[in-house]
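These protein sequence lines map, in sequence, to chains E and X. With my numbering applied, the first sequence has no gaps in its numbers, which climb one by one up to 143 at the end. With my numbering applied, the second sequence has no gaps in its numbers, which climb one by one up to 118 at the end.
It should be emphasised that the hints constitute simulated quantities derived from the structure, not laboratory data. No residue lacks a Cβ here, since even glycine has one placed at the ideal position from N, Cα and C. It is possible that some hints are incorrect.
As the list claims (entries may be wrong) - Residues from chain X that keep clear of chain E, each with C-beta distances beyond 12 Å, as calculated:
id : residue
1  : Thr28
2  : Tyr32
3  : Asp96
Unchecked claim - Only some residues are given here: those of chain X computed to face chain E with a beta carbon under 7 Å:
id : residue
4  : Phe20
5  : Leu46
6  : Leu48
7  : Phe64
8  : His76
9  : Glu78
Claimed, not checked - The calculated label-pair distances, taken between Cβ atoms and stated as ranges, are:
id : chain 1 : residue 1 : chain 2 : residue 2 : range
10 : X       : Leu118    : E       : Ser95     : 42 to 52 Å
11 : E       : Arg139    : X       : Gly63     : 25 to 35 Å
12 : X       : Asp57     : E       : Arg52     : 19 to 29 Å
13 : E       : Gly70     : X       : Leu118    : 18 to 28 Å
14 : E       : Glu82     : X       : Asn4      : 21 to 31 Å
Here are the chains, one letter per residue:
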Amino acid sequence: DAGVTQSPTHLIKTRGQQVTLRCSPKSGHDTVSWYQQALGQGPQFIFQYYEEEERQRGNFPDRFSGHQFPNYSSELNVNALLLGDSALYLCASSLTGSNQPQHFGDGTRLSIL
Amino acid sequence: GNSVTQMEGPVTLSEEAFLTINCTYTATGYPSLFWYVQYPGEGLQLLLKATKADDKGSNKGFEATYRKETTSFHLEKGSVQVSDSAVYFCALSDPGLTGGGNKLTFGTGTQLKVEL
Numbered sequence: 031d032a033g034v035t036q037s038p039t040h041l042i043k044t045r046g047q048q049v050t051l052r053c054s055p056k057s058g059h060d061t062v063s064w065y066q067q068a069l070g071q072g073p074q075f076i077f078q079y080y081e082e083e084e085r086q087r088g089n090f091p092d093r094f095s096g097h098q099f100p101n102y103s104s105e106l107n108v109n110a111l112l113l114g115d116s117a118l119y120l121c122a123s124s125l126t127g128s129n130q131p132q133h134f135g136d137g138t139r140l141s142i143l
Numbered sequence: 003g004n005s006v007t008q009m010e011g012p013v014t015l016s017e018e019a020f021l022t023i024n025c026t027y028t029a030t031g032y033p034s035l036f037w038y039v040q041y042p043g044e045g046l047q048l049l050l051k052a053t054k055a056d057d058k059g060s061n062k063g064f065e066a067t068y069r070k071e072t073t074s075f076h077l078e079k080g081s082v083q084v085s086d087s088a089v090y091f092c093a094l095s096d097p098g099l100t101g102g103g104n105k106l107t108f109g110t111g112t113q114l115k116v117e118l
C-alpha cells in the first residue's frame, strides 16, 4: 500500500519563475494538506483541499495556489518565486474529519537562486 | 491563535538514558495533540497522538500524556537507542470548520542525538 508520494524530489528555480509541485495521497485518503518547512523550523500550514475545494488556508500570500483532482491528488503552485520561498514542501493526506492523523510524504526540496 | 512551544535542542544523550522533551501549547477549544518524528532527508512520521485530556499516547517505547491543566504534552522514553536520533515535533490540531480534516500547528522541533 503506497503512502503519500511527492514529485519532484528536488527542484532548482530562479527568482520570478513559477513552480508546480505534485502529490498523490495515501490510498483511501480524501483530504490533502500542504506545508512549508524552512530549514531548522517546524512545518507551516499553507492550505488544505477536500472535495476539490480549498477548505482552510494559512498565512500565505496569493502567490501560493493549489488544486485537487477527482482522484484526490493535488498540486501546489507558486508564482513569482522569491528567495524566501526556498524550503521543503510537504504534502500530507488524511481521511476527512477532525482528529484524523495526517500522513506525510518525503517532501520536495525547492531551492531558489 | 494556536501555538506550540518545545524545548530547544539539540538534546544529546547516551544510549539507554531516559528522555524527556518538553512541549506546551496554547489553543482554544479542545485540540488533539501529536508527536511526529523526522529522520534526515525524510518527511514526518506520526509517532503518537492523544485526543482528549488525560489520554496517554504510546508507540515504540515513547509515551506522552495530554495534560490540560498544565497545557502540556511532554514526550518520554525510558531507554533511548542510537536509532532514535532524529528531530521530534510536537503539534496540535485545529479542526476545520468547512469540512475536510484538521490543520496542524507545529513547534520548532527538538533534535535528539543519541551516542554510544
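Report task. Enumerate the violated hints, using their earlier numbering and listing them in ascending order. Result -> 2, 3, 4, 7, 8, 9 and 12
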